[in-house]
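Undergrad: Residue numbers (this note's numbering), protein chains in the order written: chain A, 64 to 396; chain B, 43 to 507.
If you anchor each label on the Cβ, the simulated ranges turn out as follows:
{"#": "1", "chain 1": "B", "residue 1": "Met168", "chain 2": "A", "residue 2": "Trp180", "range": "35 to 45 Å"}
{"#": "2", "chain 1": "B", "residue 1": "Ile455", "chain 2": "A", "residue 2": "Tyr176", "range": "18 to 28 Å"}
{"#": "3", "chain 1": "B", "residue 1": "Glu349", "chain 2": "A", "residue 2": "Pro221", "range": "50 to 60 Å"}
{"#": "4", "chain 1": "B", "residue 1": "Ile326", "chain 2": "A", "residue 2": "Gly208", "range": "51 to 61 Å"}
{"#": "5", "chain 1": "B", "residue 1": "Phe312", "chain 2": "A", "residue 2": "Ile365", "range": "50 to 60 Å"}
{"#": "6", "chain 1": "A", "residue 1": "Gly208", "chain 2": "B", "residue 2": "Leu45", "range": "24 to 34 Å"}
{"#": "7", "chain 1": "A", "residue 1": "Phe79", "chain 2": "B", "residue 2": "Leu53", "range": "29 to 39 Å"}
{"#": "8", "chain 1": "A", "residue 1": "Tyr176", "chain 2": "B", "residue 2": "Met168", "range": "38 to 48 Å"}
Derived coverage of chain A by chain B (criterion: at least 3 residues anywhere in the stretch with Cβ under 8 Å from a Cβ of chain B; other residues may be distant):
{"#": "9", "region": "137–151"}
{"#": "10", "region": "164–171"}
{"#": "11", "region": "211–219"}
{"#": "12", "region": "351–359"}
{"#": "13", "region": "363–376"}
Please keep in mind that the hints were generated in silico from the structure rather than gathered at the bench. Cβ atoms here follow ideal geometry from the backbone N, Cα and C, with glycine treated the same way.
Spelled out from the first residue to the last, the chains are:
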Amino acid sequence: MYGIDLSIIWAGIIAFGIMMYVLMDGFDLGVGILFPFAPDEDARDVMMNSVAPVWDGNETWLILGGAGLLAAFPLVYSVLMPALYIGVFLLLAGLIFRGVAFEFRFKANTSRYLWNWSFAGGSMVAAFAQGAVVGAYIEGFNTVGRVYVGGPFDWITPFSMLTGAGLLAGYALLGSTWLILKTEGHIQDWAYRLAPWLLAVVLVVFGIVSVWTPWVDPSAFERWFSVIRLIWILPVLALFCAWQVLRGLRRRMAARPFIATMGMFAFTYLGLLVTKWPYVVPPNHTLWDAASDPGSQLFLLIGMLFVIPVILAYTAWTYWVFRGKVRVGEGYH
Amino acid sequence: MELDPLLLSRLQFAFVVCFHAIFPVFTIGLATFIAFLEMLAFKTGNPAWTRLSRFWIQVFGVAFAMGVVSGIVMSFQFGTNWSNFSYAAANFIGPLLSYEVVTAFFLEAAFLGVLLFGRDKVPQGMHLFAACMVALGTFISAFWILAANSWMHTPVGTELMDGVFTVGSWSEAIFNPSFPYRFAHMVLASFLTGSFVVAGVSAWYLLVGREVEANRKALSMCLWLILFAAPTQAVIGDYHGLNTLQHQPMKVAAIEGNWETMQGMPLLLFAIPDQQAETNRFEIGIPKLGSLILTHDLNGEVPGLKEVAAEERPPVWIVFWAFRIMVGIGLLMIGCALAGLFLRAGGRYWRQPLFLNAMRLMTFSPFVAVLCGWIVTEVGRFPWLVYGQMSHIEGLTPSLSGGMVLFTLLGYITVYALIFSAGLYYLMLVLRAGIESIDHEETHDVERPKRPLSASHVSIEEGGH
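Please take these sequences and the hints and turn them into a complete structure.
TA: Below, the structure written as structure tokens:
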């Protein structure tokens with residue numbers, strides 16, 4: 064019955080869930096990050112309308128990932144949550160503020176500026192916290208046995224602050240290319256002007272992080288400069304995608320910058336997975352150490368195999384329904 | 043002063059869970075009410091039912107959105123503050139919470155949209171079906187959460203080895219001994235909450251003469267439901283108490299304020315329990331009634347708090363008084379139901395101002411009763427997180443300091459105060475706009491992004507639209 068390695072299946076499901084979250088919530092957080100810099104209030108209406116129908120579906124992946132982690136890899140959950148205690152709070156507070164801004168901004172007139180700040184500030188805090196989590200994850204966690212023994216601010220390091228800033232810029236790039244895809248006229252022009260600068264920042268930060276990583280995590284050096292040379296295809300593909308983003312922007316193509324940015328994110332993410340495999344609580348615990356009982360993994364897997372296709376189909380359907388350009392004065396009134 | 047991370051973590055959990063619980067307990071009852079309205083509209087074709095349903099669906103949308111937002115925080119609390127518990131119990135708790143997430147997603151993805159926005163786009167039968175599925179979804183969500191919670195009170199079907207619970211039998215662990223009572227008690231509490239809110243708001247509208255035809259119908263419906271649910275709740279509560287006596291005798295001892303194991307225990311109506319002196323002050327009680335209720339025998343033996351060491355006793359006065367507030371409100375509810383029945387003669391129930399005012403004042407009472415009930419059961423299991431197997435202190439995150447928890451506790455209080463005062467304020471505006479507001483609904487909302495609050499068209503600022 065347990066001939067198949069359920070831990071591998073679950074690692075695949077959760078890795079997929081996190082990637083879906085980063086790609087999809089990434090662009091709607093990015094729209095929030097760009098909010099204060101929008102040319103005018105009409106542009107803000109359009110920006111929010113472009114993500115309003117899909118943002119909470121995007122965040123479903125985060126909740127599914129969190130609950131799935133508790134069920135399938137409880138050690139990851141019970142080490143990361145205490146280690147990132149303050150960061151988790153900031154992330155949740157940020158997500159709450161921007162979540163309710165979607166509901167209330169369109170009900171408000173004189174108090175609208177408050178919801179604008181709620182949306183932008185919440186998005187920025189959430190994005191930065193997620194980026195810092197990635198940095199902290201690369202650096203590893205101070206554990207004894209199955210318990211986190213570090214301090215509350217261990218995750219705040221120069222390295223993690225850099226990854227936080229990197230993801231902030233990365234999400235803003237996703238957001239700007241999304242707006243190129245979904246808007247037209249002066250809003251699209253603004254996004255076209257913004258995107259190359261964001262791309263430059265992202266490439267610089269990603270470059271520094273890549274060079275810095277072997278210093279904070281010596282095993283990363285070994286992974287990349289030992290026998291498995293095939294993995295070098297991942298950074299090559301990521302750079303190819305970056306070039307495609309630039310080409311798409313130069314030729315004022317609507318869809319290519321967004322798709323290529325998602326490609327950049329996907330290959331970078333796969334690169335990170337390859338660096339860390341099979342450690343899920345670095346530097347000490349592999350995914351098999353962190354796994355729950357096979358009976359529990361199976362009990363939930365049955366439901367997931369049924370649910371994930373439905374979520375994917377529903378997500379695809381929502382995007383199909385709301386396809387096309389969003390225009391000023393449409394959507395919410 | 044040394045900040046105690048254990049006490050602060052418990053306070054934080056209590057704060058976020060109490061705040062969260064307000065919304066689902068209301069929406070579970072309201073979802074069923076809406077499904078009923080849709081059914082009546084479908085069968086009779088009377089537009090009054092449709093008007094009522096349209097209005098209450100708006101209220102449902104707002105309450106549901108706030109429940110979802112506050113629920114997200116819950117799913118992270120286990121890891122941040124109770125990581126040892128999370129790790130130990132993950133084999134059982136993890137899949138159950140995940141299934142709850144999945145259920146909630148299905149509910150929202152497939153049917154909530156149709157219920158909120160699909161009235162004019164799908165056939166009436168389909169809309170009714172969506173209303174029923176949303177109601178069913180709320181019950182399934184409650185099922186998973188209460189199964190996990192009940193297991194923490196009466197853990198069976200699992201084995202604790204090397205600090206980790208493994209599941210021996212899923213059916214035994216899910217349908218653990220206290221689950222059926224807790225589930226029935228909670229579902230009826232939701233019905234009562236939904237009924238009292240709808241009845242209270244309808245009574246308020248009737249007092250000022252708004253939409254009399256529809257609100258009279260709503261009030262009547264709620265009063266029938268309360269007449270059935272309030273006494274039934276008392277009976278189920280009694281059985282739940284007997285079940286607790288069997289599995290968690292010290293909780294019952296705290297509820298009764300009973301320090302010594304004795305036969306023929308009185309039922310205390312008033313007392314100020316003194317934890318240090320191990321006795322009560324200013325006791326007023328009815329002789330032998332306590333034993334009669336708990337053992338169905340006037341001289342039945344009931345265990346007292348002194349059976350266990352002082353540090354294993356729950357804080358008595360909290361449990362003692364929370365229980366009395368809950369039962370007191372329950373009795374008031376039965377009183378309202380009987381008064382409503384009495385006033386049926388000649389249709390006075392919707393015209394008698396004194397009764398309408400009483401119902402209006404009762405609007406918030408079910409929330410108080412529900413929170414008190416949860417305080418009784420959760421504080422009453424002290425010092426156990428998983429009853430008899432894992433204590434609060436064993437479940438706490440080891441790396442936690444008091445300062446960290448104080449920071450997040452104050453943070454959550456601030457965030458919730460800001461967000462939920464906006465939410466509740468908006469809810470009040472929707473209620474003030476009333477059923478009449480559905481006549482002003484715009485028709486060109488084809489392209490409107492479908493958000494829970496978009497079901498309502500009320501502006502958050504007064505006078506705006």
